[in-house]
Structures are given as structure tokens and as C-alpha cells.
Amino acid sequence: MASKHRSAAAIGVVVAVVALASIPLSFTGPEELRLVVIGPFLLAGPGTALILFLKPPRVRKGTGFEVLPLAVAIAVSFSLASAILLSTAMLYAGFWHPSAAVSLLAVLTLGLLAAVDRRSRRKEPAP
Amino acid sequence: MAVQSPWSVSASRLHRSDVGTQLPLVVTDPKRPRAAQHRADRGDPRVPGALAVMAATALILGVWALKTVNAQDIGGGGLIQVLPASYFFALGLSLAGFVGSLGLKVLRLWLLVVQLLVLIVILHGADPIIHGLPRLEASYRHLGITDYITQSGGLDRKLDAYFNWPGFFGLLAMLSNATGVHDLAWVATWAPVGVNVLLMPALLALALRLTSSPRQAWAGVWMFYLASWVGQDYLSPQACALLLLLTLVACVLTVFPGWPRKPAGKLASRFRNLARRLEPGKSAPIPAELPRSAFIILAAVCVVLLAGMTVAHQLTPFAAIPILALLALSGRCRLRFLPVLALLLPVCWLVLAATPFLIGHLHTLFGSIGNINAAASASLLNRVGGNPAHQFIVYSRLAEGAVVWVLAGLGSLRGRRLRRPWLAAALGTVAPFVMFPLQSYGGELLLRIYLFSLPFAASLVVLPLLPRGPSPPGLRQLAALLLLGSVIATGTVATRYGNDAIENFTPDEIALVNRLYAAAPQGSVLIEAVHDTAWRYEHYAGYRYETLLQAEPARPGDPQPGCASITQLVPSTGAYLIVTASQVAAADVLNTGPSEGLQHLIDRCALQGGWSMEYRNAGGVIYHLQGAPNGI
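Chains A and B supply the protein sequences, listed in that same order. To convert, take the position in the first sequence, counting from 1, and add 42; that gives this note's numbering. To convert, take the position in the second sequence, counting from 1, and add 4; that gives this note's numbering.
Be aware that a few hints might be false.
[To be verified] Reference listing, derived: stretches of chain A covered by chain B, where coverage requires no fewer than 3 residues with Cβ under 8 Å from a Cβ of chain B:
1) 119-125
2) 129-140
[Claimed, not checked] Beyond 12 Å from chain B on every Cβ pair, some chain A residues (computed):
3) A52
4) I53
5) G54
6) V56
7) A58
8) V59
9) L62
10) V149
11) L152
12) A156
13) R160
14) S162
15) R163
16) R164
[Said to hold, decoys possible] Just a few of them, taken from the derived set where beta-carbon distance is under 7 Å, the chain A residues facing chain B:
17) S68
18) E73
19) R76
20) L77
21) I80
22) L84
23) L96
24) P111
25) L112
26) V114
27) A115
28) A143
29) V144
Honestly, the hints are just simulated from the structure, not real lab data. Each residue gets a CB set at the ideal place from its N, CA and C atoms; glycine is no exception.
The shape of chain B in the complex, shown without the other chains:
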């Protein structure tokens, strides 16, 4: 670039596609030696190396610290109570390393990726490192559904909802059948790490379109991992569907931004004016150089992602509808048909393909539409319970969610004032709330809303702490970012692993379940004392599975279970009762079950006639219960 002054701008370095980031405008002094100038432009080359060493140290120290944890010591307060100080030192090192990498003159893609990978392992890989087994009883059920498809090559759509949205399980079964590897427990064990790693490109692609600078985008992705306490990253359809959703939205924002080409009516122009008033400035650029065929192919890719989501998960496609609709109404999605298709696909699937589920669950699906009180009770009030330590965890989760949403709101205000992009992120943050009055989703809806809104909210949370342009943030901003990250990360260690005593299992418990399958003839009734058993990973449809107590805090007025409650579940042919250490912990933590304690109840009932102990180990006990001649 020819300029009059002796200083010139190195235009060739404005954009480096290989690092995928916008580089700062660098003023070059022609009198300087080339190497010195290079150092001045890119900063001291030893700093990235030092930051990489920090990341490696954090990884080694963090994994070592997690390995020293004794899983038996984890109580109602969760993992945070037993973590050594060295873990928090490692976490702090990782956070400082990332913030330091963000503060470099020139962003290093490889360094930021390494820092995020280390964070994922330390923060989201604690369960596989400590327990070495799949987390959550649902993981075992998902393995069982996969096993069912692998063995039978078919679906039993009347068995439960999973078989009406079989896409994800079909994928796993395809992998299992085509490779001959039938034990996918290791995949389930390491899923939290794998899922978060797979999410990274989609999160980054999305954040790059929601923000004004690559630094903010990277910080947004970092914030997502720090604040992601919901733990839906296990081997589950929702984790897979979230990946598809994020990719879809990122693709729409990148390839199809703007308003539809055809002129629209008055209402559309009102929306257009409103969007321009809310976020003045140039609209997002359209990739004009893409050939028409590429636009068509990428539109088809969007449809494939929507369809994949639809057959894989019940809820995620319904989250896609408001997100895509709001993006279209604000001039961020030119494909007008996409929000309509997003609505049509899941509705058609529900009516045409998931008919057995629809017929059996009409009231569950549509009975509470518009009932905000019921939704609030199920998502908030009913979840607050259990022993004091558990209540603290529940309140911490609510507080962390509220803090993230409030900070995202403040970020939006700040973005508007500074004329930085904020609207798309704000719309993505609020859009999932549209689902709130529709149904409670088993009391999990607020948690799922948080999950869907977090990728958008995270970009807004960090907005006030990063400069608009390509220049690195100042020391004060970096310190503030580190402080915020430390607080949220510490909160996530508490909230994400707050139910660790309930959600994880021991090899003894797995051995106990294996023994149960060996002892009980196919078709028997198997009863779990509390709905927290690592079972159904095989013989998914081979037994009749019953539950005495749900794994949720007891509500006032709930009947106290007694021996008769168990007997009611036993048919005349008899049944098997399994009581595991995790069930006892769940009953204790959640204050559910009899006031005398679950273990005491079982011991008392076992003294009655008709109970015989089949097997006992450190993981629990199996009883065979004789059925009454006039039993069910």
C-alpha cells in the first residue's frame, strides 16, 4: 500500500486465512531489520511457547489431581467437596493460559485450540477420569437401545419414546454392526470429552458470526465451556442434535444472512426497520462469490441437518423453530422456507412416524400448553429439595443460569451502546424461552432452555470485556476476563458435578446388574428401589422393568413407601429387586422415600416371608421376591 509517510501499513497481513482470524493493522518501520520488525508485529515468539507449556502443565496436573480423588468420598455436595487444591491450581493455570493467549498481539489458532482442549479435559472430563464408567443411568439405557437395534435390526415403537426418534441410536447401531464392536461402553464413558470437542468448530463458527472480532468469538466459545454445567454431553441424542443445531445456525448466519431478495409486505418492512433501529449499521455481508450451485447445496445441507435433528431428538427441532424464525424476522436468514420447514418436519414426524408415542402421550404433549405455572413448578419448585447440600447445588445451578442470562443482557445493552453486533446473539439467547409455556419436558425444560441459549449468551457475556477491533485487550480487561472466568468455572465445578454421588456408578454395581441378568429368567419383572440403576444396557426389552421411587426430591403429600408398595409391583410369578449403593445415595441426597431411610426399609421388608437374597456385593443387593398367588 503506497502512503506518503515513512510508515506503511502491511496490507498483506490484514487477513490470514490460515489462522482464520483478522490480524491487527500493523505499522511497519522500514528502517527496522526484518526479524526485529517481525517480532514487533507478532510479539515475542517465546510467549506462545510459554503459554503452551502452561497448558501442558495444567493438563498433567489436572488429570493427576482428578486421579487422586477417591470416588467413595463423594457425598451429597458433589465432587467439589473432595477435589484437591492442585485441581483448582490446574484449572486456574488453564484459565490464565487461555486469557494470556487471547492477549497476544496475534492470535495463534493452534494455541487457542490447545487451551480449549485442555479446559475440556480438565473441566468436562472429570467423570471419565475419576470413575472410568459411563455417567448417568440414561447412558446405560441408550446403550441398551443401541444393543436392541443391533441385535434385532428393528424398532419396537410401542416400548418407549426412544424408539420413535431412533436416529441417534440407529447411527450407533450402524457403527456397532458395521465394525463388529458390540461393547460401546467406552464411547459412553468418554462422551463428555468427545461431545465437547466435536462442538468446538460449530461453536466457533457460530461465535464468529455473532461477534465483531475473532477475539470475542474465541472468548465466547471459552465462556460456553466454562458455563456449561447442564451435563447433557453424555452419549445422548440431545448432544448429537445440539451439534446439528449449532452447525445449522452457523451455516445460516454465514451463507444466508440478510433479507429475502423478493420485496415483502408492510409487516416485513416493519420488522426490517425495527431490526435496523435495534442494531444500526451495515448488514452482514453475503458471500457473493459463491456459485449458485454452492448456495443450493448449502441450503440442502441445512435441510439435511434439520431432518437429522428431527429423527434423532424430540425437543431440539422445536428449539430450532423459534431460533430460525427470529433470525429470519431480523434479517439474519434469507431462506424464508427454513423456519417453516423447521416447524413442518417435527410436526409431520410426530404425527406420521411417531404415532404410537403421540397416541399414548397426548395429554403429556398438549395438556399443559400455556400453563406457565405448571411449567415453572416442574422446572423450578419441584427441583428444589433434597438434603441441604443438594439444595445448595440446585440453588447454585439456578444462580449460575441467572448470572449468565443477566450478563448476556448487560452484554446486549453494552453492544447496542457501542454499536457492536449483538442482536443475533440476543435473539438466539431468548428464542428457546418460547418453549417454556408449551410443556415441562419432565421438569427439565428450563435446563434445556439454558443449554440451547448458552452458545448465544456466551458471546454476549464476554462482549463488554473485549475491544471491538483487532487489537488485543488491555491488562485490565484481561484481568476482568480471568476473574469472571474463574468465578464461573468454580461455579460449574460445583454445579456440573453436584449430583456426582447419584449420577456415577461403581464396577461393583455393574457386576451386580450382570448377576441380576444371569439370575433372572427372560421376561421376569425386575424392580429397582430408586430410579438410578446402571441397567438396561442389554436385554432392553427382555424384562419388565419397574421402579419403586423416582429419583427426584419428595414433595409434601407424597405417600410414604412401605413393604406393601414393593409387594404391589410383584406379579404372582415373582420378581427380582435390586438395591444399589447409588440408589441408597440418591434416596439420601434427594430425601425421597421412607423417613426411616431406604436401606432400613429394605432390611425390614427382607425379614418378611417371601424375600430371599440372591446376591450381595459392595455395589448392592439382589432379592428374589415370591409372588402372592393372587398377585398382579
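Chain A with its partners taken away, still in its complex shape:
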């Protein structure tokens, strides 16, 4: 169980770093670096944070569902759907600011991850 928590924490750290880096890189930076960071972030960043927020180990413990494929599928599909909805809203509103949209998604992702972190700290036994 501890290793599962560790791997979830490691995934959370990676997503947080990518989300954090996406904010400045969505405005400036070398094209290749921006693509390497923002591409994967838009593909799976917000969805992965959501999955971590949903506490998959409890889902797994609950009924023995094989949740890994579903978790990955939701991570990707939710991220894509969020970006699709956000870009559509901007287009229809006549307010096309993709860098700001990426930053907004990154902030939401970081918010979810902060909530996950706060929850796990609350549950840690006092020293």
C-alpha cells in the first residue's frame, strides 16, 4: 500500500511540475521545449490530477475492479474534453487567448493536486 501511495505521489509531483512549467512556456520559450511540456499536459495533465483526487486505491480496494485502464482513459479523455470545451468557449466568445487557456488549465490542475496533497497530509499520523 505504501508503494502505491509513493507512486501516486510521484505521479502527482510530475504532473505538478509539468503544469507549473506550462504556465510560462505557454507564453514564451523554445518551440520544441514548449511542445514537449504543453503537449503532454494538454493530453493528460488535468485528467491525471482528477484521477489522483478521486483516490483510485479506494476504488480498487472497493470491489476489485480493474481500474487502471479506466483511470488512464479518464485521465486522457477528461483532459482532451476540458481543452476542447475551453477552446470552443473562447472561439464562440470571440476571446481567443490560448496561452491564458493553458495557464487556466494548469492552475486548475495545480489546485486539484494541492487538494490531494492537503488530504494526504491530514491523514498522516502525527509524529
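Please build the complex by placing chain B on the supplied structure of chain A, with the hints as guidance.
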């Protein structure tokens, strides 16, 4: 687990969440040394290694074989005619490797994933490996719409339907603007591989809920890739929307199975009884340990997926309606509001957000509702045509679709007899057919129905060949699975790449189009001889694009085009005509256009006054056509 006999069951190994699969009940002999027992439990550890080597060999050999193909040799019969024997050896190796991995005592997640990745590259990555350019002229148009949004940051909703469902293009434009990478051609080139890889978790999550064992689920995903000949996995909104749809259905089946909690009326109880009669046994377990907040969040995720689908693609949300409705009516979806929302969202979008499209296409959208004859003609009869090689490909596609559906039907019967889960998969298979009498979708509806129903049908196709429980299939079952997989995979090589001569382009053709854009002033009329040009990847709205001949088989009674047909399209200010090698191949393969041949017609017309050749290369030719003073 304490038992009286000297044999004990290693209960701790019943379920290994790290491999995501149910493991066999293993009988343990306490007298055996631990390592020997471990080997007996999990099988010889060298076998997975050997299977991994097989996968690597298949990958290297397959890619090498594809690299040796000369794209110029591909004719009307498609890619299969020019593939070397080594390709089929590699494909066979990949299929045998996967079947061997399914036959292991303990399923190895990593090995199955590797086997599927290899299959995706070999079977669905042939176009990028051989041609190195985006497949299908639609890919180039999609790049053009993305470019339009990237450049303008807005939509021209009267230009065409794409701008009324801009979600997917908005996503690409967001990526392009936020990264500064404006050339996304490489994404379009490798999209068939990328899309299929992205589909894998959703397919597996879905298959795990449709089947009774992880082996059947993995085999179902494998069968999906083997039978997926429709080629809608290019850089397209439908590919993205399919991913959202599959995730949505998998999420519903996993998190919200069962009947609504509130007691319902007589009709609902009739459905309940019918579903129980059709598939007796325990209903799917509900994840009771999920906190209420998680249920609410996951329900919201389902709504987000539906909404994302709605703004991204015209057809996919309409496929979601019958699928979700049938799942709800059979006790597989507790969220009663979801099928209703699935109906409301696309209808509201059509009426409120896609108004320019709705007003201009009322007859197209609603004119053929209920006209099954028109739908059948558009989807079947009108597509059968072209030269004999092309007709063979069309018939092969119809046959492959029919075989998959028939095998899925047999799988359903077998599942019912053996009391294994089959109903949800069967409902998912038949649900998309509800769309058939609604409209023809440009003659593509049957093809799209196949695409939507395949993820469900694939699980049923393999059902009779795999045991119910966690034990591995026997040698005979594995041999049957390999044989079936080989036949369907060979069929898919023929059907998926049957139009390769038409659907792929050469660097010379791209250079020709670039030259056209350089020569033609903005706002000019650009004419393609056949609707098969790799253009509009830029200047999407900067020119008036016209087409002389559609890329579909000619029907009896179609007028023969002549020089006058071209002149009709030329305004008084003149126009540019582009004739590419792919257009000529398309006219030849599809038997469309003049009986004398497209090239002959163009050469003859070029001798008339007013035509001047602007540029020619190996990819085709550009003419400037002078307009008549009284032209349009």
C-alpha cells in the same frame, strides 16, 4: 486460507491489482521448494521473455518490410498487392506472440501491452512508415481549419460544417498557438498510430466490463485492432470523439451499473424482467466503497465527455444516444439523466450553436429520415463501383463487416447459452444501427456504424474461443484464435489499405500545391479535377475552391464531363486548375470522369485557347485558365 487438505489455495494471489487482472486459483504444494512453486504458479519465466523477443522481431521485420515498399507501385488493389512476404511473416509473428501471451498461466500486463503496440505499428502504421505524409485529403483540410483558427482566432461558421463543430480544431489550434509550433503535419502523419495507442486504455476498460474474464477482454481489444479497417483514425474530430465515447461508456459500465435506485413504473419492470431473462445471473457489482463525492465527480466527468463530444463532432453524439439508452433500459446505466442529456446536448447545439449549418442543410439533415432505401443506396449500392480491383476491395470491406457482425451474433448466442456476460456487448453492437434510417451521412453511415459497433462486437467475436474462468485457454482454442486473427488481419490489410493509391500523396504533389498557392493571388478560384487533392492546409478561406469531379464511383446516367464542364467553373477573372497524380489515379480506380480518361481530357482541353501551363512536376500540373468576358 485454512483448509483441511495438505493442498492449500494461495488466496493472497487471487487478485493482483498491479497487473490489473484476475489470476488463476493456484493450488500450492507446501512440500515444494518456494522457487519451484513460484515457477509452477507463474509458468516458466523464460516464456514471457521469448514472447517479448518475438514482438521485437515482428516490429523490426514489419517496419523494415514496409520501408522496402515502393509507393509508386501501389495500384487499384491497394497496398496488399505490393507488400513483401516478410511483412506477412512479421504480422504472423505478432499475432502468434499475442496469442501466446494470452495462453500464459499468468497474464503479463506489460507483455500484452507491448504485443498490442507492435500490432498497432505494423497493422495501422503502414501509411506513415511508407509515405511519411498525412493520409487522406481530409487530413490536409483539418490542418487548414486549425491554421485558420490559429491565424484568426475566430470562426467563419458560414464557410462549412467544420466551423460549427470546432472543438477538435480549437484544441489543435490551442496547442499550436500555445507552443508556437505551427506545422502540425507530423501530428497528422502519425495520427493513425497515436490514435490507436490512445484508444487502448479506453478499449480495455470497456472490454473488462463487457466480458467475464480479463483474457477475453484483452482478446477483444486485440480483435478490435485486427478488424478496424475503416481508417477513421487520422487527425480527425471523429477519432477524438470516439475516444471520448468509449471512455464515457466504460465509465458508465464501471461506476454506474445497475438500475436506478428509485422504484420505477410497469414499463421499467418489464425491461428489468426482460434483461434478467436474456442474461440471468448476478447484476454487475456497484462500487459501494466509492465516496458519494466521487460518484458526483464521475457523473460530472461523464457530462464533460458528452459535452466535449458534442462540440467536436456531428455524428458521434448521435451514436451515444442509442448506446446509453439501451444500457439504461437493460440495467447497465443507473444515471437516468445521461441518455436524456445525450439527446438534448447535440440537439441544442445544432439549434443554438450550429445555426448557420442547420439553416443551410435542413434538407440534408432531415430530408431522408425514415428512407431506408436511400440510406441503403448511399451506403451500399453507390459505393460499389470503380475498376474490378476497387470493386473487389469494396466487396471485401462489406464482407469483413458482415463477418464481424455475424461472429458477434454467434458470440452472443454462445454467451447466452454458457451464461456468460453478453448482453451489454450485444446492445452496444446493435445500438448504432438506430442511426441507419436517419440519414446517409454522405454515404458513409454504414462505415461509421461499423466503427461505433466494433469495440462492442470485438468482445463477442472472441467469446466462444476463450474459457469463462481465469484458467488459460487450451491449445485448440489458442490455435482457433490464431487462425481467426490471421484471417481477419489479412482481410484488414487488404481492406484498410485498399484505397492507398487514392488516399496517399507524394512530396511532389505537396510541392505542386505550394507552387499553386505561390502563383495564384488570394481570392482566386482554384479548381481540382477530382476531389482528391492534398490542399487547403493553409489559406483555408483565402481562395474559392471548386471541384470538377467527386471522388466516388460514377453512376449510370452521370453526365460525361468535357472541356465545357471545366469552363463553367471559371469566372471572368480566370482560375487555376490543378491536376495531380492522385487525382488521375482516383479517376482511374473509381471509373469516374470521362470515358477517354481524365489525363486525356485535360490534355485535349489544354490545346484550346485560354489555357496556359503554370507549372509541372512529377506530382502533376497547374494550368491558368483565362475567363471568358461573359463568364460567371
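Outcome of the hint check:
no.	hint	result
1	119-125	holds (count 6)
2	129-140	holds (count 8)
3	A52	15 Å, holds
4	I53	15 Å, holds
5	G54	17 Å, holds
6	V56	18 Å, holds
7	A58	19 Å, holds
8	V59	17 Å, holds
9	L62	15 Å, holds
10	V149	14 Å, holds
11	L152	17 Å, holds
12	A156	16 Å, holds
13	R160	15 Å, holds
14	S162	15 Å, holds
15	R163	19 Å, holds
16	R164	15 Å, holds
17	S68	4 Å, holds
18	E73	4 Å, holds
19	R76	4 Å, holds
20	L77	4 Å, holds
21	I80	5 Å, holds
22	L84	6 Å, holds
23	L96	5 Å, holds
24	P111	4 Å, holds
25	L112	4 Å, holds
26	V114	4 Å, holds
27	A115	4 Å, holds
28	A143	6 Å, holds
29	V144	5 Å, holds
Every hint from the earlier list agrees with this structure, and none is contradicted.
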